[in-house]
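Trainee: One letter stands for each residue in the lines below.
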Amino acid sequence: MRISGFLALLLAIPALGGDWPQFRGPNASGLGDGQNPPVTWDGEKGTNVVWKTPIPGLSVASPVVWGDRVYVVTAISSDAGQTFRTGLYGDTNPIVDNTRHTWKVCALDKASGRILWEQAAHQGAPKTKRHPKSSQASPTPVTNGRVVVAYFGSEGLYAYSTEGKLLWKKDLGLQNAGWFFDPDSEWGAAASPIIHKNTVIVQCDRQRDSFIAAYNLDDGRELWRTARAEIPSWGTPTLVPGKDRVEIVTNGTKAIRGYDADTGKELWTLGPNSEVTCTTPVAGHGMIFVTAGYPPVQPIYAIRQGSTGDLTLKDGKESSDAIAWSKQRGGPYLPSPIVVGDHLYALGNNGVLSCYDAKTGNRIYQQRVGSGGSYSAAPVAAGGKLYLSSEDGEIHVVKAGPQYEMLGKNPMGEILMATPAFAGDMMIVRGHKHVFAIAEPRR
Amino acid sequence: MNRTVVGLLLAASAAAWDQNEDLLSASRKGDLASVRALVEKGADLETKTSYGQTPIYIAAMQGHLLVVEFLLSKGANAEVRDTFYKGRVIDFAMMRKHHDVVKLLLTKKAVDPDPSFVSMVTNARADIVQAAIDTGKVKPETLTRGLELATDQKKNDIVEILQKAGAKPPEPAMVIDAKILESYTGTYKTDQFPLEIKAWVRDGKLMMQVTGQPEFTPRPKSEKIFNFAAVGAEFEFQNADTFTLKQGGFTGVFKKVAAK
Chain A
14 MRISGFLALL LAIPALGGDW PQFRGPNASG LGDGQNPPVT WDGEKGTNVV WKTPIPGLSV
74 ASPVVWGDRV YVVTAISSDA GQTFRTGLYG DTNPIVDNTR HTWKVCALDK ASGRILWEQA
134 AHQGAPKTKR HPKSSQASPT PVTNGRVVVA YFGSEGLYAY STEGKLLWKK DLGLQNAGWF
194 FDPDSEWGAA ASPIIHKNTV IVQCDRQRDS FIAAYNLDDG RELWRTARAE IPSWGTPTLV
254 PGKDRVEIVT NGTKAIRGYD ADTGKELWTL GPNSEVTCTT PVAGHGMIFV TAGYPPVQPI
314 YAIRQGSTGD LTLKDGKESS DAIAWSKQRG GPYLPSPIVV GDHLYALGNN GVLSCYDAKT
374 GNRIYQQRVG SGGSYSAAPV AAGGKLYLSS EDGEIHVVKA GPQYEMLGKN PMGEILMATP
434 AFAGDMMIVR GHKHVFAIAE PRR
Chain B
48 MNRTVVGLLL AASAAAWDQN EDLLSASRKG DLASVRALVE KGADLETKTS YGQTPIYIAA
108 MQGHLLVVEF LLSKGANAEV RDTFYKGRVI DFAMMRKHHD VVKLLLTKKA VDPDPSFVSM
168 VTNARADIVQ AAIDTGKVKP ETLTRGLELA TDQKKNDIVE ILQKAGAKPP EPAMVIDAKI
228 LESYTGTYKT DQFPLEIKAW VRDGKLMMQV TGQPEFTPRP KSEKIFNFAA VGAEFEFQNA
288 DTFTLKQGGF TGVFKKVAAK
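For the record, the sequence lines run as chains A and B.
Residues in the first sequence are numbered from 14 upward in steps of one, following the numbering used here.
Residues in the second sequence are numbered from 48 upward in steps of one, following the numbering used here.
Pulled out of the complex, with its shape left as it was, chain A reads as follows:
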């Protein structure tokens, strides 16, 4: 199908203020700049809760927002007792639930939370197991306001119109991402799809034949595919627009890599990295920050944009022409890092928040948030505030800046695994059982 000149122009329009098109918003920044969500609310009592819509099933995927719609995905097991196992533990055993599942994509009205449409993308027994902290619908969907793409790992890639019409679907094969040490310990896919121009890009790191590929948004045609010499990974790739090129930055065990977003050509590699990588790279100050938090190293790298070749540091070095600064300890394991103003924040699974000078890597503070819960969701920020979701169901609001200051602790009343989204002055939170819209009443 040919795209008319008018549509092609429309496709090039970037996300408008208030849209949150993918995991962690525009370019995975996690920033709701210009938006001002509240500091206090109560998800249980309803204080500052605009709406609360029940969504059945399990998902750790974030909501995405475009215009007047919120899109969420879910996987509904026939076993109603399925839940998340929260907390800090090292158990690698996956959840085996071979019952029939229904994978759904839902569109909600942003103003009321009413479900506008829902589509069952796939039904059947899951092709892989899942991690106890994860779900069968973990990747966050992505939209450009015209197409909504949901990725369900082994169950495929699905593109819908914003009215819920299936445009195309694609089987990407078995995505048996799992523990490197035991290929039978399947944990499920989690890297979210991203949109670049008129393509949707998916990073598929699995036990064998890992790859990254781009598909035409109109018909699902594969436009390029680049093999990755990688073991399973779970971080979403990040698009980093530069002067001459748009890079896709991927987190991976064998190497952190940059690719040309138009062609899939590998531009640079960097190691060493953790044996398990889950976080999403984030850009700021002309640098790309990549972290990981599993042995043998838990690095934080500040990579200068536009670099090329093998960027691996020489033994004993912490910086180079391509690496502004780095550390081999302190990288977070599950929550992705965030850059707010001059600072890089890294939240540990144990709720310890570290604040670094983004330009130099100097650590400014390290502070435990809350009273010792566990954290999987990535921090997001808006209006000079960081929003940190604990698995136990509390969202902590911390003032952004060099001084740690807790502004609010807000109960949601249910497990929180997904990273929140922003939509104007609203924060959209995906809990275990509900999607919440949080905002102060208009005056």
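The set of hints was computed from the structure by calculation and includes no laboratory data.
Any given hint might turn out to be false.
[Said to hold, decoys possible] Simulated crosslink set (DSBU-like; lysine-lysine; CA at most 30 Å straight-line): (1) B:302 to A:422; (2) B:76 to A:140; (3) B:293 to A:340; (4) B:302 to A:340; (5) A:278 to A:183; (6) A:412 to B:76; (7) A:267 to B:95.
Fit chain B to the supplied structure of chain A, relying on the hints for placement.
Mentor: Same frame as chain A, now just chain B:
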């Protein structure tokens, strides 16, 4: 060396590599017939994955008892450690509750039970503890440490086994003055890494908890020194606001950041 010979050698080497890969794969699946056939064809019993796991390591991790038994009968080394976690076959089998495999490794005396004995007392069943003792390789001091732990955890069946095996009864816990114990109450942190330890008093005993982990009762050796045998940890209070944690090769100074 002519091209034909080089070609033959390369082909033979590739075939051997394939056989070894197949052996690792069959061990993972628990496919005894294939494991047997591959070993008979000459596949390497000690072939390793990139993480240093051998066929017996993998079979034990997956709980494939018959494959483990066969590989042991062929002389596979059950003391091998992987190169990533530096773990032993028995530790992974125990962690995954493959009790029949653990028992087999012990009854065949294929592994030294001593390094894993405390964790057997904590996590395993009485028959496993008995099988470990029956190897005759658990050191007397390890038996005593196990008894101390089993007594604390009120595992009466294991206490009985350990007593019969000659473990020395733990010295009666010292009674520490309540005011001293109360003075230790609080939340402690170290600058060395992000870890928080809480201490409080319950039923006249000092209780402790590391964030995200179960609470435990360290045993007093003196008014200032407390031990937690399960993980080989010692807490030495310098004063009411500071203690030093010694565990393995680690020494960390923890300071009180909150009184309650």
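Trainee: Indicate, hint by hint, whether the structure satisfies it.
Mentor: So, going through the hints one by one against the coordinates:
With a C-alpha separation of about 26 Å, the suggested pair residue 302 of chain B and residue 422 of chain A falls inside the 30 Å cut-off, and the hint holds. Between residue 76 of chain B and residue 140 of chain A the alpha-carbon distance is near 18 Å, which keeps this suggested pair within the 30 Å criterion. With a CA separation close to 26 Å, the supplied pair residue 293 of chain B and residue 340 of chain A stays within the 30 Å bound. Among the hinted pairs, residue 302 of chain B with residue 340 of chain A is consistent with the structure: their alpha-carbon atoms are about 26 Å apart, no more than 30 Å.
Restraint check: the Cα-Cα separation between residue 278 of chain A and residue 183 of chain A comes to about 23 Å, which is no more than 30 Å; the hinted pair holds. Restraint check for residue 412 of chain A and residue 76 of chain B: not satisfied, since their Cα atoms lie roughly 52 Å apart, outside the 30 Å limit. A C-alpha spacing of about 19 Å is found between residue 267 of chain A and residue 95 of chain B, which places the hinted pair at or below 30 Å, so the restraint holds.
Checked against the numbered hints listed earlier, the structure breaks hint 6 alone; every other hint is satisfied.
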